[in-house]
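Please construct the entire structure, taking both the sequences and the accompanying hints into account.
Each protein sequence line maps, in turn, to chains R and L.
For the first sequence, position 4 (counting from the first letter as 1) is numbered 4 according to the working numbering, and the numbering increases by one without interruption.
Throughout, the working numbering is defined as the position within the second sequence, counted from one, plus 1000.
Everything labelled a hint here was simulated from the structure, so no lab data went into it.
Keep in mind that a hint or two might mislead.
[To be verified] So these bits of chain L aren't anywhere near chain R, every CB distance computed over 10 Å: (1) 1132; (2) 1134; (3) 1142; (4) 1144.
[Said to hold, decoys possible] Listed next, with one range per pair, are the computed distances between beta-carbon atoms: (5) L:1191 to R:125: 25 to 35 Å; (6) L:1017 to R:41: 48 to 58 Å; (7) R:6 to L:1017: 44 to 54 Å; (8) R:78 to L:1085: 26 to 36 Å; (9) L:1160 to R:4: 46 to 56 Å; (10) R:131 to L:1081: 51 to 61 Å; (11) L:1191 to R:89: 32 to 42 Å.
We put the CB at the ideal spot given by N, CA and C, even for glycine.
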Amino acid sequence: MDLKLKIWRQKNQNTKGKFVTYPVSNISKDSSFLEMMDVLNESLIAKDEEPIAFDHDCREGICGCCSLYINGRPHGPDEKITVCQLHMRKFKDGETVVIEPWRARPFPVIKDLIVDRTAFDKIITEGGYISVNTGNAADASVIPISKEDADLSFDAAACIGCGACVAACKNASAMLFVSAKISQFALLPQGRIEAKQRVDSMISKMDELGFGSCTNTGACEAECPKGITLTNIARLNREFIKAKVG
Amino acid sequence: MANFFTSSIGKKLMMALAGLFLSIFLLVHLGLNSLLVIFDSTDKFNIAAHFMGTNILIKIFEVVLFGGFLLHIIYGIIVQIYNWIARPVSYKVSNNAQSSFFSKYMIHTAAIIFAFLVIHLSDFYFKAKFFGGVEEISIHGKEMHNLGALVIAKFQMSGFVIFYVLSILFLGFHLLHGFQSAFQTLGLNHKTYTPIIYGAGIIFSIIVVVGYSLIPILIYFIR
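Here's what the structure looks like:
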């Protein structure tokens, strides 16, 4: 299949970027979107042009690196996938595809389609962990946990920190990400010990970094490749109220 | 340490509480308005309006009500400004069909409602309280403003009725997202009850729009 790609090119953080159009041809409809990008880059290198910088690592949907905003949607036109899991058969022959980086003040563009997501790491550093003295790992069955809570906690822990929620949100809010990171601990007894301090510090950092606030539009939930739900944001709100009022 | 009143969640919580409080006020106001169409005479409405304007408890509550309005409006503007700042460069193509429709236009519907509120207050409330020029009437030997006559006179103008009904329609759009959103912000999300809250929000919005629109329309055509 043949496509016309409109891709954001930006030399570095300090320069202004612009869209550049690249035609690509003979793309297999069974190839992944990133493989299509590889084909384009090979052709650019052959022509002695600068290849397009884009983030990618595992290419099996678990690392959260591939951060492309394709035709107005993070990770492109499919549900619950990352870009590496997006196939070219989702596009029509001859289609124009617009590829942009995530857009948010706390995610500055480093080069072309790569953004700096250190902001997420900074939020995690503020309390996205539990403090346990070292020693032998305790037997998993020592502390009984209900099946329902264990499942919900696991669902929240499925968050890969890709930032699609921030990219999709009209307010560039990181609430879905933070709510997943809070929920995975809030539901477990081990996480309750530092629960108040955790939510307080992580929200404080989230605000300081300049993410927007949640207006419950649900765009994040719709675009999350791991199916993290808005119920986690409600839990985060409850945790915050408990920390501040309780 | 996140300060409750300046943190993003704290601001939203204050907005949610104020918003729900204002929603209750909408029902009270609608109940009073309905006196104008339930009874042929405007006396009942005038007596109720006089009570609302003079009773000491209601007067204290009035301050709380204006506080609620101010809180909701000021926090709303602050939150919106921060949200705009959070995305300095917008997307070339944005397909946000994935999110609920009215949630995307809360600040726009809010601006229309605010403009309506200012006009509405200066037409009736401020006129009776400060501007003067409202006729007096004696009911059961008590002197009071004839607000009923003022309202009926206003709703004889077709332009005013259209403006009023359209404004209420935008209030309905605002409530359609705002009502259920407030519960989510308060952390009230539940497998069974959230769909009920969604339904209640839709019913509430319809009651407000139909109720508030029907009164000027009825007055225009019947009186």
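Checked hints:
| no. | hint | result |
| --- | --- | --- |
| 1 | 1132 | holds (42 Å) |
| 2 | 1134 | holds (40 Å) |
| 3 | 1142 | holds (46 Å) |
| 4 | 1144 | holds (43 Å) |
| 5 | L:1191 to R:125: 25 to 35 Å | holds (33 Å) |
| 6 | L:1017 to R:41: 48 to 58 Å | holds (53 Å) |
| 7 | R:6 to L:1017: 44 to 54 Å | holds (45 Å) |
| 8 | R:78 to L:1085: 26 to 36 Å | holds (31 Å) |
| 9 | L:1160 to R:4: 46 to 56 Å | holds (53 Å) |
| 10 | R:131 to L:1081: 51 to 61 Å | violated (37 Å) |
| 11 | L:1191 to R:89: 32 to 42 Å | holds (36 Å) |
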